[in-house]
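**Q** Sequence:
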Amino acid sequence: MLMVMPGTRQPADPLTRAKRIALRLLGGHAWSRAEMLARLARRGCDPESALAAVGELERAGLMGDERYARERVRTELARRPAADALLEHTLTSRGVSPALAASTTRSVTAGQSESARANELVRTSVRAAALTGKPIAERRRLASLLARRGFDAEVAHSALETVLGPVPEVECDQHADQDMGHEPASSRSAGRSHTTVEET
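For the sequence shown, our numbering begins at 1 and goes up steadily by one.
Simulated from the structure, these hints should not be mistaken for lab results.
Hints are supplied without guarantee of correctness; some may be wrong.
[Claimed, not checked] Simulated restraints on C-beta separations:
| # | residue 1 | residue 2 | range |
| --- | --- | --- | --- |
| 1 | Ala153 | Gly111 | 18 to 26 Å |
| 2 | Ala102 | Arg123 | 46 to 54 Å |
| 3 | Glu154 | Gly133 | 39 to 47 Å |
| 4 | Ser158 | Ala34 | 18 to 26 Å |
| 5 | Ala137 | Arg80 | 15 to 23 Å |
| 6 | Asp46 | Arg70 | 39 to 47 Å |
| 7 | Val167 | Arg42 | 35 to 43 Å |
Glycine included, each C-beta is placed from N, C-alpha and C at the ideal position.
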């Protein structure tokens, strides 16, 4: 018979230990079911105890993929505007089902179209000084940012046009010349003016 000395702390049974670990993890931030199970496994919890612990916490309303998905989408949008594609990928990459990821994204973003979110991203990210000095470079930077946040080319182009206006014609001409390996039009004009003065 195993004797327990007074004051000796008995080890928790596997289920209790798994729940304690899960509760500590939830104290930091929300977790998806798949993430929590993976983390419990890394902490040495057996699969049966981990599943049972997660199930109890879900029934108690302390965790669950629906709750996690809503919090994750809101957090991502609070950080920076994003397209549905990026939001859904963020969820599915963490074990949320594609169907739940799509429905949650639609629910949280209801009332704000992707175009509105793209416009907001451009407005809050544009560098006024860069736009004045190097407008083409700044538009490229913003277009790259829009792409990284999941917006497709059509929405990105529309946002840039809406917020910044069309690309100035002179800038377009110079950009085209540089892409073709030609001297910019402004430089050619300046050269002709200089030649005329010398000949006079």
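**Q** Does each hint hold? Answer for all of them.
**A** Going down the list of hints, with the structure as the test:
Between Ala153 and Gly111, the C-beta spacing of about 25 Å keeps the proposed range 18 to 26 Å intact. Under the hint 46 to 54 Å, the C-beta atoms of Ala102 and Arg123, about 27 Å apart, miss the expected range. A hinted range of 39 to 47 Å for the beta carbons of Glu154 and Gly133 is inconsistent with their spacing of about 28 Å. At roughly 36 Å, the beta carbons of Ser158 and Ala34 sit outside the given window of 18 to 26 Å.
The hint said 15 to 23 Å for the Cβ distance between Ala137 and Arg80, and at roughly 21 Å that hint holds. Checked against the hint of 39 to 47 Å, the pair Asp46 and Arg70 fails, with Cβ atoms roughly 30 Å apart. Between Val167 and Arg42 the CB atoms are about 51 Å apart, so this pair departs from the stated range of 35 to 43 Å.
Hints 2, 3, 4, 6 and 7 from the list above are not met by this structure, while the remaining hints are.
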